[in-house]
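Position chain F relative to chain S; hints supplied.
Residue numbers (the numbering used here), protein chains in the order written: chain S, 1 to 341; chain F, 342 to 537.
Please note that a few of the clues may not be correct.
Quick list of simulated restraints, FRET-style, between CB atoms [claimed, not checked]:
1) K106(S) to P373(F): 49 to 59 Å
2) V490(F) to W49(S): 27 to 37 Å
3) M314(S) to P491(F): 48 to 58 Å
4) V59(S) to V398(F): 26 to 36 Å
5) L20(S) to P491(F): 32 to 42 Å
Hints in this document: simulated from the structure, not taken from any laboratory.
Virtual Cβ for every residue (Gly too), placed ideally from N, Cα, C.
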Amino acid sequence: MNVYILFKTALIVVILLISLVIAMYATLIERKIAGYFQDRLGPNRAGPWGILQPVADGVKLFFKEEFMPMTADKFLYILGPSLTMFVALLGSAVIPWGGSLVIGDKTFPLQVTDVNIGILYIFAVTSIGVYGIMIGGWASNNKYALMGAVRSASQMISYELAMGMSIIAVVMTTGSMNLSSIVAGQHGFHWNIWYQPIGFLVFLISAFAECNRTPFDLPEADSELIGGYHTEYSSMKLGFYLFSEYINMFVSSAVISTLYLGGYNFPWMDHTGLSANLLALVEVAVFFVKISFFMFLFMWVRWTLPRFRYDQLMRFGWKVLLPWAMVNMIVTGIFYHLFNH
Amino acid sequence: MKDQQDFDIRLTTRSKMVSKKRMTFWERMYLPAIVKGMYVTFTHLFRKKTTIEYPEVKRPVSPIYRGMHVLKRDEQGRERCTACGLCALACPAEAITMIAKERLESEKHLYREEKYAAVYEINMLRCIYCGDCEMACPKEAIFLTERFVPSEVSRTDFIYGKDKLLEPIDARIDVSKRQTPEVLAFKKDKTKLHNQ
Numbered sequence: 001m002n003v004y005i006l007f008k009t010a011l012i013v014v015i016l017l018i019s020l021v022i023a024m025y026a027t028l029i030e031r032k033i034a035g036y037f038q039d040r041l042g043p044n045r046a047g048p049w050g051i052l053q054p055v056a057d058g059v060k061l062f063f064k065e066e067f068m069p070m071t072a073d074k075f076l077y078i079l080g081p082s083l084t085m086f087v088a089l090l091g092s093a094v095i096p097w098g099g100s101l102v103i104g105d106k107t108f109p110l111q112v113t114d115v116n117i118g119i120l121y122i123f124a125v126t127s128i129g130v131y132g133i134m135i136g137g138w139a140s141n142n143k144y145a146l147m148g149a150v151r152s153a154s155q156m157i158s159y160e161l162a163m164g165m166s167i168i169a170v171v172m173t174t175g176s177m178n179l180s181s182i183v184a185g186q187h188g189f190h191w192n193i194w195y196q197p198i199g200f201l202v203f204l205i206s207a208f209a210e211c212n213r214t215p216f217d218l219p220e221a222d223s224e225l226i227g228g229y230h231t232e233y234s235s236m237k238l239g240f241y242l243f244s245e246y247i248n249m250f251v252s253s254a255v256i257s258t259l260y261l262g263g264y265n266f267p268w269m270d271h272t273g274l275s276a277n278l279l280a281l282v283e284v285a286v287f288f289v290k291i292s293f294f295m296f297l298f299m300w301v302r303w304t305l306p307r308f309r310y311d312q313l314m315r316f317g318w319k320v321l322l323p324w325a326m327v328n329m330i331v332t333g334i335f336y337h338l339f340n341h
Numbered sequence: 342m343k344d345q346q347d348f349d350i351r352l353t354t355r356s357k358m359v360s361k362k363r364m365t366f367w368e369r370m371y372l373p374a375i376v377k378g379m380y381v382t383f384t385h386l387f388r389k390k391t392t393i394e395y396p397e398v399k400r401p402v403s404p405i406y407r408g409m410h411v412l413k414r415d416e417q418g419r420e421r422c423t424a425c426g427l428c429a430l431a432c433p434a435e436a437i438t439m440i441a442k443e444r445l446e447s448e449k450h451l452y453r454e455e456k457y458a459a460v461y462e463i464n465m466l467r468c469i470y471c472g473d474c475e476m477a478c479p480k481e482a483i484f485l486t487e488r489f490v491p492s493e494v495s496r497t498d499f500i501y502g503k504d505k506l507l508e509p510i511d512a513r514i515d516v517s518k519r520q521t522p523e524v525l526a527f528k529k530d531k532t533k534l535h536n537q
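For reference, chain S alone in the conformation it holds in the complex:
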């Protein structure tokens, strides 16, 4: 039993470090990609290809003045970014990163906790994320921050609905809310995206909205709300907000890959002829390739599409995404009822 505890602890630490490092370098890659999309080079001064840029940014944020508005609620003001960061890191706990490692006669699944309501857990955690933004925006005592926070809250509520509806179809076809059995159900090339293209699209768009990424970045809206909920934040508290955005991106990419792109599954995985442990590592690599693709997609869309207007955002969420998610759910239910019994 002790070995398992040790393994889980190591896994937790590794996943935590990986999420942080990936989020750190996602900031650099985002700027690089933004540069390349705009025919620029992006940051390339700090170290070769700018690989020390995130370090420089981090150091800069740490040494910035810790500013707090006089009228701000001190406790909530600090709670906001802490909560956002905390919740962003929680999501990765239930994601199955690969198959199982076999050492001796013991098997070690590459997943921190295999809760049987994995999807619900992720939903719960991501919807707490909005509290961090809301509290931060409220505690700043600034109209722009409050506007951003209110927008964020209403956006989350609107898009979580469509997101949940699209997931119900996945849960129906798999018959489980357990993420590891959802992934196991997509063995090989039987990915959910082939059976649920509309659900995938709805989920993807909602995920963009949940992450407050362009074209759904109304809570930040640099041009109209001068940063939105984090207008009044500085130093590492601001850093936490910005950083958690990238961690959220990473976790949602992982969730999208898990639910719709077969997680760590890849075609012809049964015919590789590799040993079980090697196969598990290849699976992890494949999973990270999928995650990287979605993170690239996040950035790609950000530097292509303009921001929605607020009424467009609401109309799109309630009048387009939600009906499509419902139709998808009902059609899936009918098909499931007719052919699987």
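Okay, now just chain F, sitting in the frame of chain S:
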């Protein structure tokens, strides 16, 4: 026909009439348009980048570019400037000031003329880089070069003294682009008002 051409003042042939027709179902899906837009940005990933990495790579300047000044020395390394003040007089922006001093016997290897500029200052923020100072100079002492004036954090740092303007003996600055034979002939032309 001729009249029509006269009144046709379109600036481009690519302009399109705006229409308010209802969008088709396909257009209202927006997804094809989004994919098209994303294709456009994706092609930009592989385009040639327009960035010029400044300190390493410098943008080519025009052959008559006028940048930061240099105070020239002669072949023996003596300062050419005699502090006559003609450049300061010619300067339309009144950017140049100088204090003249008489050369001592022991300083003959340092200064070419009997009088030299003990202090020579150009305010780079006032300067308009017109090049009148080099036109006025009778001693071929001041020239504008292709060098840039770097940014500073304080206004007083832009007042360049001899420490920054004077040409180092071991790192001569080429001014042949500015000191062409035509320029020299022009300076010697006594029929021109400025040389009388």
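Results for each hint:
1. For the pair K106(S) and P373(F), the beta carbons lie near 52 Å from each other, so the given range of 49 to 59 Å is met.
2. The hinted window of 27 to 37 Å between V490(F) and W49(S) holds, with their beta carbons roughly 31 Å apart.
3. Look at M314(S) against P491(F): about 51 Å separates their beta carbons, and that is inside 48 to 58 Å.
4. Between V59(S) and V398(F) the C-beta distance comes to about 28 Å, which sits within the given range of 26 to 36 Å.
5. Separation of L20(S) from P491(F) is about 39 Å and conforms to the stated range, judged on CB atoms against 32 to 42 Å.
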